[in-house]
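**Q** Each chain, letter by letter, is given below.
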Amino acid sequence: MLINDLVNISFWTGSPDIVYNLIGIVLFVIIVSIIFSVYGYVIGWLERKLIARAQYRHGPTYVGMWGILQNLADLIKLLAKQDLALENADKFLYTVSVPIILALSVFIILILPYSPSLQATNLGFGLIIAFTIISFLPLLMFTSGFATGNKFADISAQRSVLILISYEVPTLIVVAGIAMLSGSYSFQGIIQAQASNFYFAALMPIGLIIFFITMLAEFERPPFDLREADNELIAGWLTDYSSPYYALSLFIDYARMFLGSVLIAILFFGGWLGPILPPIVWLLLKAFIISLFIIMIRATAFRMRIDRILRLGWLWLVPLSLINLIITYIVFVGLPT
Amino acid sequence: MALTRINIGPVHPSTHGVIHLVVDIDGDTIADVEPHIGFLHRGVEKLTETRMYMQNPPYMEKLDYIAPMSYNEAYVAAVESAMGIEVKERAQYIRVILLELQRIASHLLSVGLLCNDLGQMFTGFMWTFKDRDLVLDLLQEAAGSRMFYVNMRLGGLNRDLPPDFADHANETLNYLEKRVTEYENYIEKSPIFTERMKGVGFMSPEEAKNLGVTGPVLRGSGVDYDVRKNNPYYVYEKLHFSTKVLHEGDNFARYKVRMLEMKESIRLVRTALRMLPDGDALGMPVKLRSPNPVNRIATVNRELPRGEVYMYLVADPQKPYRLSMRSPNFINLAALKHITRGQRIADLFAIMGSLDLVMGCVDR
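Those protein sequences? They're chains A and B, same order as listed. 245 is the number of the first residue of the first sequence in this note's numbering; add one for each residue after it. 12 is the number of the first residue of the second sequence in this note's numbering; add one for each residue after it.
Hints in this document: simulated from the structure, not taken from any laboratory. Mixed in with the good hints, there may be bad ones.
Said to hold, decoys possible - Residues from chain A shown here face chain B by an in silico Cβ test under 7 Å; the list is partial:
no. : residue
1   : Tyr300
2   : Gly303
3   : Glu331
4   : Gly393
5   : Lys395
6   : Pro467
7   : Arg542
8   : Phe546
9   : Arg549
10  : Ile550
As the list claims (entries may be wrong) - Simulated pairs of lysine-lysine, DSS-like, Cα-Cα distance not exceeding 27 Å:
no. : chain 1 : residue 1 : chain 2 : residue 2
11  : B       : Lys220    : B       : Lys255
12  : B       : Lys189    : B       : Lys298
13  : B       : Lys73     : B       : Lys209
14  : A       : Lys293    : B       : Lys141
15  : B       : Lys249    : B       : Lys99
16  : A       : Lys395    : B       : Lys348
Ideal Cβ positions, reconstructed from N, Cα and C, are used throughout, including at glycine.
Just chain A, with the same shape it has in the complex (with noise of 0.2 Å):
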């Protein structure tokens, strides 16, 4: 409670003097970005503890207590190679592409509220924003492909319009979904909507079940994560990104699971909500047991193949997200009062 008296965003956000503002802005980012590094990097070594666990092996021991500066050495080390591009590579894409990924996946976690205090601003679309640029992600991937000029990057880039037209459509159905329960398109209505009534995780399982599988889907999780598929395409868009740029796609894997996770925390698990402890808190545990879940689901599962994906993606997922708006509709939207 003292940290959210200490920096209380909303006090400075709220405030009519655009010098304010922008202090509060700028804590803010601050703020997430010291949150968001902590937790992915923290995440990013229980992968590898995790995964090692699983398979009767210590993982990283050497650096660090428990190896847990493993992560920063392998990111020195990938800072330290030479930056190499193909002959045939399109260089303005082939620059340009990485960050940006980076950039909105960032943008996106910049719009979340956090806790009652700790958020940029309360807008209006929040979620519609969000979605539209997280289905922007995959056609960023897409350019970087094709850009780097190799051939498994091309599969690769292929694979990932085949991976956007299968799964945006049921995670946008399963969002108007959860924009109905609420009645409000903003994350801070969707939360308020949670307090006064069950998690939204009751209200729609079948919800949850489908936009977990599309969230995997959506950040190259197992098993689908075809577009690095590392048995047939080396690491697929990222094939021949060296140094900073592979660095870079390190940040973008600790961003998406971040955002994955606290996103699916947020829309069914009622974000903050929670007794006692603090409302960060809660949101952060919350979207830990589901980063561990995602984890856990990597180190077991096997890879789809392209096609049973797409027909993952059509046979049930569409027909089932229908279904789960249709029921959403009837028993919680329809019912006359």
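Based on these hints, arrange chain B on the given structure of chain A.
**A** Positioned in the frame of chain A, the structure of chain B alone reads:
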């Protein structure tokens, strides 16, 4: 649509060994695969002609580095056949025990690598690798080393089994039997696994016979051929066992044959341990000079974990005049071109994993 030509290997995250595949793809579908081999060629066949008979087994073991003892045994058997040496009865039993343990170890690794080829993050691989180590512990007790054994001697072995070997072996085999069932549950209950394995990489019985494939690949296509049954050697006749044949002819059948063979090998080792006679198992000590061959030409065929090897030895005094091998992996690799056509690029490595290739044996 124009075909895209991609080069997979010789350096690639998931080729089994050093192989270069030139793949023509139409979108995501494979139009043609051309394997380029020879990156591991060491001229072993020629090399054997410059060495004394019992200097050669270490070279033989490096051919198939996943099942070294099987290859070693095939070579020593060819030399024994040329020299007209009978293998002592106890040594025959021990050889069968060790060969079947080697088969279990090899199949465990194969199944683990298959999981990896299907995009699992090394979990199945690490699990089977851990269990393979237990089998290697047994082989170490029996032969003295874990990876390259060189324990076959003319007419027997370099040493007898240690006194508590049977207890250790039974303990490990009981554990392994449980684990293999566990793997079956764990792997086959995954819908993604069955979806990606069933109906992929189909090979009809006729095609399999024409291509000359052997081992689990052939038996997965519904042809009941196993050298241990059809041309029995050592005491295999006395140790009642069944060959495992499945008729589907796809990836899943080939994988499943390996699973069933592991269980059968576990039973076989148990029976052999029970029937193990007393007596002497030691072969001739290794000396530079070995007895002179009585037959000019010796041929031996053996069922390796990956298929049938056929050793053709033309014997000179003290040195082979010519040693020619029909390598099972080389011929199984030839099937790759036929069964990958029209499949998805993602399934290429699943099919390679189901063929279970070792490049050291392909290139020789």
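**Q** Name the hints, by number, that the structure is in violation of.
**A** 2, 3, 4, 12 and 13
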